[in-house]
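2 protein chains.
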Amino acid sequence: MSTSEKNDKIFKALAAPLRRSILDELKDSPQTTGALCERFSQLDRCTVMQHLRVLEDADLVIVRRAGRERWNHLNPLPIKEIHDRWIGAYAVQAVNMLDRLKRDLES
Amino acid sequence: MSTSEKNDKIFKALAAPLRRSILDELKDSPQTTGALCERFSQLDRCTVMQHLRVLEDADLVIVRRAGRERWNHLNPLPIKEIHDRWIGAYAVQAVNMLDRLKRDLES
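Just so you know, the sequences run in chain order S and V.
Note that the numbering used here numbers the first sequence so that position 23 is 23, with each residue one more than the last.
Note that the numbering used here numbers the second sequence so that position 49 is 49, with each residue one more than the last.
Just so you know, the hints here were simulated from the structure itself, not pulled from any lab data.
Treat each hint with caution, since some may be false.
Chain S regions said to be covered by chain V (calculated; three or more residues, Cβ under 8 Å) [unchecked claim]: (1) 52-59; (2) 63-72; (3) 82-88; (4) 98-107.
C-beta: ideal position from N, C-alpha, C; glycine also.
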């Protein structure tokens with residue numbers, strides 16, 4: 001798969017609010033598919049699993065099996081690549097400063 | 001506009017390959033709309049301007065007028081927010097290490 005195809009999968013996966021919410025749930029710790037289905041119980045199980053598959057296919061979620069459980073882990077590398085693509089290493093300090101300035105002005 | 005509406009605009013704007021390419025062009029320096037239309041001359045001017053408007057509306061591009069020219073600047077803050085949403089400050093070092101490890105293994 002080419003880099004641009006991979007990127008397309010990543011940005012399409014991120015374009016759905018529910019899939020972003022799933023990644024939010026995984027930020028602090030991996031979760032089993034069962035736990036995620038319970039967390040998003042307003043949706044049926046199949047829908048949640050479909051969204052998980054899109055995230056896995058985009059490499060934003062990495063699945064590890066343990067016995068009968070599927071543990072879903074957030075993969076931070078594609079997120080880091082988005083950052084590095086448009087904010088070069090040299091600009092990190094400037095952007096952090098800008099961000100602090102914006103927060104100070106807003107508060 | 002709520003944060004989730006803003007986010008929706010940002011991720012929808014990033015979902016189109018051409019809009020990502022426009023941001024790539026703006027990474028190193030701002031560009032006039034005229035220069036961008038020339039850079040993407042395989043498309044007609046209106047199409048490029050439409051994509052620029054989507055990026056501006058998502059706050060990924062900031063426009064400054066100088067005389068008759070429109071200068072398009074990449075706004076790095078929404079990109080930084082994507083990073084910070086899923087990679088907390090505490091995890092930056094670990095993710096950098098993981099990224100280096102992956103590169104070493106691939107090379």
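Checked hints:
Coverage of a stretch by a chain is defined here by at least three residues with a beta carbon nearer than 8 Å to that chain's beta carbons; for the segment 52-59 of chain S and chain V the count is 0, and the condition is violated. With a cut-off of 8 Å between beta carbons, the segment 63-72 of chain S has 0 residues touching chain V; three or more are needed, and the interface restraint is violated. Residues of the segment 82-88 of chain S lying with their CB closer than 8 Å to a CB of chain V number 6, which satisfies the three-residue condition for coverage. With a threshold of 8 Å between beta carbons, the proposed coverage of the segment 98-107 of chain S by chain V holds, since 3 of its residues qualify and at least three are required.
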